[in-house]
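J.: Each chain, letter by letter, is given below.
Protein chains: 2
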Amino acid sequence: MEQSNALYAQSGGVTAVINATACGVIEIARKNIAKIGKLYAARNGIIGALTEDLIDTGLESDADIAALRYTPAGAFGSCRHKLGTIDKHRKQYERLVEVFSAHRIRYFFYNGGGDSQDTAYKVSQISRELNYPITCIGIPKTIDNDLPCTDNSPGFGSVAKYVAVSIREAGMDVASMSLTSTKVFILEVMGRHAGWIAAAGGLAAEKEGDSPHIILFPEIPFHTEHFLKRVKECVNNYDHCSIVVSEGVKNPDGTFISESGLVDAFGHKQLGGVAPVIAKLIKENLGYKYHWALADYLQRSARHIASKTDVEQAYALGKAAVEMALAGKNAVMPIIVREKGNNYRWTIGEAPLEKVANVEKKMPREFITADGFGITEAGRDYLQPLIQGEDYPPYQKGLPLYVKLKNTAVAKKLKTTFEIA
Amino acid sequence: MEQSNALYAQSGGVTAVINATACGVIEIARKNIAKIGKLYAARNGIIGALTEDLIDTGLESDADIAALRYTPAGAFGSCRHKLGTIDKHRKQYERLVEVFSAHRIRYFFYNGGGDSQDTAYKVSQISRELNYPITCIGIPKTIDNDLPCTDNSPGFGSVAKYVAVSIREAGMDVASMSLTSTKVFILEVMGRHAGWIAAAGGLAAEKEGDSPHIILFPEIPFHTEHFLKRVKECVNNYDHCSIVVSEGVKNPDGTFISESGLVDAFGHKQLGGVAPVIAKLIKENLGYKYHWALADYLQRSARHIASKTDVEQAYALGKAAVEMALAGKNAVMPIIVREKGNNYRWTIGEAPLEKVANVEKKMPREFITADGFGITEAGRDYLQPLIQGEDYPPYQKGLPLYVKLKNTAVAKKLKTTFEIA
Chain C
589 MEQSNALYAQ SGGVTAVINA TACGVIEIAR KNIAKIGKLY AARNGIIGAL TEDLIDTGLE
649 SDADIAALRY TPAGAFGSCR HKLGTIDKHR KQYERLVEVF SAHRIRYFFY NGGGDSQDTA
709 YKVSQISREL NYPITCIGIP KTIDNDLPCT DNSPGFGSVA KYVAVSIREA GMDVASMSLT
769 STKVFILEVM GRHAGWIAAA GGLAAEKEGD SPHIILFPEI PFHTEHFLKR VKECVNNYDH
829 CSIVVSEGVK NPDGTFISES GLVDAFGHKQ LGGVAPVIAK LIKENLGYKY HWALADYLQR
889 SARHIASKTD VEQAYALGKA AVEMALAGKN AVMPIIVREK GNNYRWTIGE APLEKVANVE
949 KKMPREFITA DGFGITEAGR DYLQPLIQGE DYPPYQKGLP LYVKLKNTAV AKKLKTTFEI
1009 A
Chain E
589 MEQSNALYAQ SGGVTAVINA TACGVIEIAR KNIAKIGKLY AARNGIIGAL TEDLIDTGLE
649 SDADIAALRY TPAGAFGSCR HKLGTIDKHR KQYERLVEVF SAHRIRYFFY NGGGDSQDTA
709 YKVSQISREL NYPITCIGIP KTIDNDLPCT DNSPGFGSVA KYVAVSIREA GMDVASMSLT
769 STKVFILEVM GRHAGWIAAA GGLAAEKEGD SPHIILFPEI PFHTEHFLKR VKECVNNYDH
829 CSIVVSEGVK NPDGTFISES GLVDAFGHKQ LGGVAPVIAK LIKENLGYKY HWALADYLQR
889 SARHIASKTD VEQAYALGKA AVEMALAGKN AVMPIIVREK GNNYRWTIGE APLEKVANVE
949 KKMPREFITA DGFGITEAGR DYLQPLIQGE DYPPYQKGLP LYVKLKNTAV AKKLKTTFEI
1009 A
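Residue numbers (my numbering), protein chains in the order written: chain C, 589 to 1009; chain E, 589 to 1009.
Quick caveat, the hints were computed from the structure, so don't treat them as lab data.
Given the structure is predicted, the values throughout are model-derived calculations rather than measurements.
Check before you lean on any hint, since a few could be wrong.
Copies of one chain are not kept apart here, so a pair can be met inside one copy or by any two copies together.
As the list claims (entries may be wrong) - In silico DSS-like pairs for lysine-lysine, Cα to Cα no more than 25 Å straight-line:
hint	residue 1	residue 2
1	Lys-896	Lys-985
2	Lys-670	Lys-949
3	Lys-877	Lys-949
4	Lys-994	Lys-795
5	Lys-949	Lys-679
6	Lys-820	Lys-623
7	Lys-1003	Lys-877
8	Lys-950	Lys-994
9	Lys-1001	Lys-943
10	Lys-619	Lys-950
11	Lys-928	Lys-985
12	Lys-820	Lys-795
Extracted from the complex, chain C is given alone in its bound form (with noise of 0.2 Å):
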């Protein structure tokens, strides 16, 4: 019989333990090497698919992919590119089949969120459109918190951890410094869609006065006014006030604050940054003394803050991505499924990928706290099993000692390549 090989790659934005899964998903494949005779990983993605850029996995050694685990970022590298439909771009799946078929590639596993879900649904169509025989299964990652069907996704539970380690520390930093310099500290985080993130600031406040003592969500219009008394509030009680604020914070018209007030010096808006923006606001109506920070790509890379919860779902699921495929499952994406009763205690299930596709699960309301300001005892008691543990990696020289794979291309097979739109 002749042997069927398997394909992994990663999708969208990267994350800490988006690693974790492919160790977890490579780890498996190898004690199945009866089942799947070699695993590959297409380089950044679908692109990698589409241009026959293939990496052999199997020559890597045991302890480097054991490394993955600990290793933050797209080891194989990752893509921001969409899968048009089967119907108008049947082009592009008749190169994955030449591309599989080539590579005798019989698993696909993709490892992202919901636009990557999109396209894994879109790949495992094929079997029934294009009448090759490929089995795939998606596999959740996203920071954003967003996929539905499962109870969170792997990436967010180490962001959420980041995030609130990270305001606890700054508080206490801006605390000390009240009475003669910073009064107000502000931290903006990701998630331009939904508050997941900036709501897990909010674990660090376990008692009146903690920070963070105001987090601004996109859920919730943006209320100048509002606001300012909140701050004038807080300083009033605690001589300082820390926020944390969501890239994704909105005016009541419906327009990103962060592209509301900057412009360069030729008059062109400046992108990104709401943090500046609410400093500003505070600076010119309270005059308050404030510092601010733009965490960006360090809330999603640190892997030396992230939390052992969120590294173990994501091996998990890598896991579990290869048993279902070898139990003959198709199309489906396997989930984190909180079981009920006071302890956390998390299961694997599976959704159907196309339940997950293009679906935005939404930061439930009662999480918010009335005044949209903080959280509620649901919303923490969500959050909190999710940056539960430490997970760290080793340390050389003072740093982590995070691994970089030799990603050998596979030799090409086909004599045609394939341009990316």
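Dock chain E against the given chain C, drawing on the hints supplied.
T.: Then chain E, alone, in the frame of chain C:
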């Protein structure tokens, strides 16, 4: 014999390890209860001393004092307030003597950077000038690493580690994304006058192609064309470019880059943020997609990723300060001495405050490569030991369990108040 008491105070910008120094001071004072009856802390630095706002550290449990070792920021509050000269501002010193006298304070420990050591030096002269027997020991602290005499300053090693870890992680992120998304990542770090912190980022680059590819130092005038050429080379060679930029980078005419770029909707200059100015420059000239981060307070409060060496030195300096005071020394500061030899070893020495106050240690030019964009082996040899080792705080519910002291006020003995100018 009348009991002699001591006063400890924290000054200037706080750090991840200044409380480790406080821990050293308090723990050693507690072991010498026969000589130091009570150890008070001034609330908010010298301001607490002037306003008789004292904290009785004796009311804190041993466990809480031990927890200071892993708690960031300033447990007793800090301040930015310099004392004037004794000649011209004699009233301030008379007030200090009133407060010291009322509380039988014979030892004063002032924990801070250059400005604070100036204050410490002035206080050390009270015995001679005002005939009140006070022993004053300065204790070094500054993330800027610009104190003279000492090989390095506590606080710097942990910021250095934070910056090196962060640029390694974020650099891996952008490398994963570069084919279809972000090509340039910029991390802005502190260091208005010297490039010590920016230089530390260079530790993450251990071999060709590693992040950061470019460091922008305050010591090297920024030349747009030279810089853009280098960015382009990096993108050509590595498909991405990651950059650490010091907030203090200047144009060839000596003006700060951070003040040259952006204006708000009213035409006012937007202060702070050299990273977005650099980012726009790259976008407009080379067209690369970029991301940037501004670490701000996160970098100096990041106790979760503190350098073990830094923590140990911070503690040892606090301990040494008490021992020096008890040995009858005055007007000195304990320092870190780097022992000769290939393996890093350090001991505690001492320096006269007169030589420390108001002297800024510059970064040697030979730590910066000839092209001005990286660090040399000499720089690496100096910096690397300072980030060595990890010293994690305990965690609870996924977050570092930092201590908040009771900070119980000592009953005032003076009828008079004092207005801070």
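J.: Give a verdict on every hint.
T.: Hint by hint, here is what the structure shows:
no.	hint	result
1	Lys-896 with Lys-985	both (24 Å within a copy, 12 Å between copies)
2	Lys-670 with Lys-949	within (20 Å within a copy, 53 Å between copies)
3	Lys-877 with Lys-949	neither (37 Å within a copy, 28 Å between copies)
4	Lys-994 with Lys-795	between (48 Å within a copy, 15 Å between copies)
5	Lys-949 with Lys-679	neither (32 Å within a copy, 64 Å between copies)
6	Lys-820 with Lys-623	neither (64 Å within a copy, 46 Å between copies)
7	Lys-1003 with Lys-877	neither (64 Å within a copy, 33 Å between copies)
8	Lys-950 with Lys-994	neither (39 Å within a copy, 41 Å between copies)
9	Lys-1001 with Lys-943	neither (35 Å within a copy, 72 Å between copies)
10	Lys-619 with Lys-950	neither (38 Å within a copy, 57 Å between copies)
11	Lys-928 with Lys-985	between (44 Å within a copy, 19 Å between copies)
12	Lys-820 with Lys-795	within (19 Å within a copy, 50 Å between copies)
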